[in-house]
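The sequence shown runs contiguously to residue 299 in my numbering.
Any given hint might turn out to be false.
Under the rule of at most 30 angstroms between Cα atoms (straight-line distance), these lysine-lysine pairs were calculated in the DSSO-like manner [what the hints assert, rightly or not]: (1) 237 with 278; (2) 149 with 292; (3) 166 with 182; (4) 67 with 278; (5) 149 with 182; (6) 226 with 200; (7) 282 with 139; (8) 278 with 244; (9) 180 with 139; (10) 159 with 193; (11) 200 with 282.
Please keep in mind that the hints were generated in silico from the structure rather than gathered at the bench.
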Amino acid sequence: LTVAVCEDRVMGIKNLLNINKKLQAILLDDAFQHRYVNAGLNIVLIDYSRPVFRDLFLPAGDLRDSSSQLKRADIILVTKTPQNISALDIRLWKKQLKLFPYQKLYFTTIDYEKPVAIFSKKQNIITLKKLNKEKGKVLLVSGIANPKPLIDYLKSVDLECTILSFPDHHHFTNTDLNKIKNTFNAISGRKKIIITTEKDAVRFKHIKEFPRSLRDKIYYLPIRVAFLNHGQKEFDKIIKNYVRNNKKVGRLYS
């Protein structure tokens, strides 16, 4: 597996092919709007809470490409879907997306696993269920684009939760760290922890100034993406067949 970063996708692909002549496929992230790359298989991800049919093109909305361009997609993945989505909601999505016969639609959800300590080498065994029974409280700290699924999950396990949200790709400053510390200290009770995302945990772990008093209090929730309605096998089959059928001619997929 070769990992590469290049703002110019065409140049990046050419360099990859020069470096590794045996490449069977190239997976491009966030490349659907790059018209200079003619991908052989296009996969578009849509956040369940931000459907494209209710959004607008930049700068009026969040779309980087016109929703009409969905016709170029071979596969559409609706991500962060509630696990209890109804059959009616699925039909409404299909109707609103106006899919063509050649397009496949799948829904995925997020499964949250047990909290993992960020700084402690000795993993303190803690579960949100146990914390709930002990009337514990949570400070949720996130610096991701859409923390709503995590917020909804914490609410679903009936935990009293205080929320501190920062922008996506946020660089945490000393001021931010003090805000986190002060907010946590202001929460009453002894049974309380800080929960953050796996993405933010990586950032915090490399911040030398992270308050020592909070280091044994902060955890992240690992996530696992799961397909709904038994879609995993069919999706995997499409990907494997594509790579198998096109690897000799160097086709690309994104």
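For this session: Go through the numbered hints given earlier and state which of them the structure violates, listing their numbers in rising order.
Result: 1, 5, 9 and 11
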